[in-house]
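S.K.: Keeping their order, the protein sequence lines are chains D and V. The opening position of the first sequence corresponds to residue -6 in our numbering, with each subsequent residue numbered one higher. The opening position of the second sequence corresponds to residue 484 in our numbering, with each subsequent residue numbered one higher.
Treat the hints as calculated values from the structure; they're not laboratory data. Do not rely on the hints blindly, as some may be mistaken.
[What the hints assert, rightly or not] Footprint (simulated), chain V over chain D, 3 or more residues, beta carbon under 8 Å:
#: 1; segment: 53 to 62
#: 2; segment: 118 to 125
#: 3; segment: 150 to 157
[Claimed, not checked] If you want the ones that stay clear, here's a sample from chain V, every Cβ over 12 Å from chain D, calculated:
#: 4; residue: H485
#: 5; residue: E528
#: 6; residue: F529
#: 7; residue: G537
#: 8; residue: E541
#: 9; residue: C559
#: 10; residue: E562
#: 11; residue: Q564
[Stated by the list, open to error] Straight-line alpha carbon distances no greater than 27 Å define the calculated DSS-like cross-link-like pairs of lysine-lysine that follow:
#: 12; chain 1: D; residue 1: K97; chain 2: V; residue 2: K586
#: 13; chain 1: D; residue 1: K25; chain 2: D; residue 2: K10
#: 14; chain 1: D; residue 1: K(-1); chain 2: V; residue 2: K502
#: 15; chain 1: D; residue 1: K10; chain 2: D; residue 2: K97
#: 16; chain 1: V; residue 1: K566; chain 2: D; residue 2: K147
#: 17; chain 1: D; residue 1: K(-1); chain 2: V; residue 2: K508
#: 18; chain 1: D; residue 1: K97; chain 2: D; residue 2: K25
#: 19; chain 1: V; residue 1: K566; chain 2: V; residue 2: K586
#: 20; chain 1: D; residue 1: K10; chain 2: V; residue 2: K508
#: 21; chain 1: D; residue 1: K10; chain 2: D; residue 2: K(-1)
#: 22; chain 1: D; residue 1: K25; chain 2: D; residue 2: K13
#: 23; chain 1: V; residue 1: K557; chain 2: V; residue 2: K574
#: 24; chain 1: D; residue 1: K52; chain 2: D; residue 2: K25
#: 25; chain 1: D; residue 1: K147; chain 2: V; residue 2: K574
#: 26; chain 1: D; residue 1: K147; chain 2: V; residue 2: K586
#: 27; chain 1: V; residue 1: K502; chain 2: D; residue 2: K13
#: 28; chain 1: V; residue 1: K586; chain 2: D; residue 2: K13
#: 29; chain 1: V; residue 1: K574; chain 2: V; residue 2: K586
#: 30; chain 1: D; residue 1: K10; chain 2: V; residue 2: K574
#: 31; chain 1: D; residue 1: K97; chain 2: D; residue 2: K52
#: 32; chain 1: V; residue 1: K503; chain 2: D; residue 2: K13
#: 33; chain 1: V; residue 1: K586; chain 2: V; residue 2: K557
#: 34; chain 1: D; residue 1: K(-1); chain 2: V; residue 2: K503
#: 35; chain 1: D; residue 1: K13; chain 2: D; residue 2: K97
#: 36; chain 1: D; residue 1: K10; chain 2: V; residue 2: K586
#: 37; chain 1: D; residue 1: K10; chain 2: V; residue 2: K503
The beta-carbon is built from N, C-alpha and C at its ideal position, and this holds for glycine as well.
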Amino acid sequence: MSDVRKIIAVEQAVLAKNEKMAEANRAEFSAKGIFVVNVLSSPGSGKTELLANTLERLKGRVQSAVIVGDLATDNDAQRMRGHGAPVVQVTTDGLCHLEANMVKAAFDELGVAGLGLLIIENVGNLVCPSSHDLGEHARVVMLSVTEGEDKPMKYPVIFKTANLVLVSKIDIAEAIGFDRDLAMANIRAVAPQAQILEVSARTGQGMDAWLDWLIESHGLA
Amino acid sequence: MHEVGIAYQAVETAIEYAKKAGATKITLIRLRIGAAAGVVPEALEFAYEAVTRGNMAEGSRLEYEIVPVTCYCKNCGIEFQPKGFVYECPKCQEPSWDVRTGKELDLMSVEAI
Chain D
-6 MSDVRKIIAV EQAVLAKNEK MAEANRAEFS AKGIFVVNVL SSPGSGKTEL
44 LANTLERLKG RVQSAVIVGD LATDNDAQRM RGHGAPVVQV TTDGLCHLEA
94 NMVKAAFDEL GVAGLGLLII ENVGNLVCPS SHDLGEHARV VMLSVTEGED
144 KPMKYPVIFK TANLVLVSKI DIAEAIGFDR DLAMANIRAV APQAQILEVS
194 ARTGQGMDAW LDWLIESHGL A
Chain V
484 MHEVGIAYQA VETAIEYAKK AGATKITLIR LRIGAAAGVV PEALEFAYEA
534 VTRGNMAEGS RLEYEIVPVT CYCKNCGIEF QPKGFVYECP KCQEPSWDVR
584 TGKELDLMSV EAI
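When you get a sec, could you build the whole thing from the sequences and use the hints?
M.R.: Structure (C-alpha cells):
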C-alpha cells in the first residue's frame, strides 16, 4: 500500500533558512561591535548620493563600510568609493532584494578590521526587501519629496518595519509643492514606531542629525 | 515578485519533508499567510505553478489560510483588528505598533502519497 495519503506537519517559517542566516549575521555583527543598518527605498530616491555624502562625513569618526545591492551593474559602488570606506557591490542578477546569505558573503569579502558601522544599501524596491531580514540592527526607509506624500500609504508594510524614515531631497521640496505636513502625518499614521528625519545630501541640511542618529544608534549593535 | 522566491522555498522545504516521510508525490501544500506579511496570494499561486513544474509537487494544490492583523493597544489594554494599514485603536484612536498577529508566513503541512 504505497498510495496511502500522508499528512506531514511542518509548521515552520517559509523563509526559515534566511531567518536563521540573518540571526547568525546579527550575532556576528554584534559580537564584533559593528552597527548594521539596512537602507531601503524606491529606485531613484537618492540612497547612493546620500550614502556617499554620509561616508565623507563619517571619515575619521567611525570606520564604515558599505554593501550595495543592485540587479545589475556596479555603478553605485563606484559612486560610493573614494570616501574612506570600502564598498562591496552585490549584483543580484535580477533578484528584487538582498538575502542574508548574500550579505554574509559580501561581509566576508570586505574583511575590514575595526569596523564600527556597516551600511547595507538594499536593491531599490519598496515591496520585496520587507520580508527579508539580513541581520541588520536597524532599518532606514527613505522617501524623497518627489515621490508623493502618500507613498507610506501605498507601501505600508515596509514603512512599518522602519526604525527611521528619512525624507530626502528636501532642498527641492518647495519647488515641487511638497506638502510636508501631509507627508509627516502619513508617515506617522503608518509607521508610528519610526523616528523621522529630513535631509538633503546636496545642501547638507539635516545631515548632522542623520549622522548623530547613526553614531548614537551604535548602542543597538 | 519576491513571491517566486517564497514559493520556491516553500516547495523546496515541502519536498524535503515529503521525501523524509518516504512519499513520492506531493498532492497539497498548506500555508499560513499573515495579512501584513507583504505577500500577494495571487502572485504566490501564479509562482507556485512555475516552481512545482517538473518536480514531485507538480500538479499539487496550494492552500492557504489568511491570518488577520491583530494589534494591542497599551492605553486601553485591548487587542483589536485594524481596518486597513493604519493600526489605530478603535477606542482611543492612538496608533499601535504592537502587532500580535498578521506577519506570519508559515509552511503548515504537506499532503503526499
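S.K.: Enumerate the violated hints, using their earlier numbering and listing them in ascending order.
M.R.: 1, 4, 30
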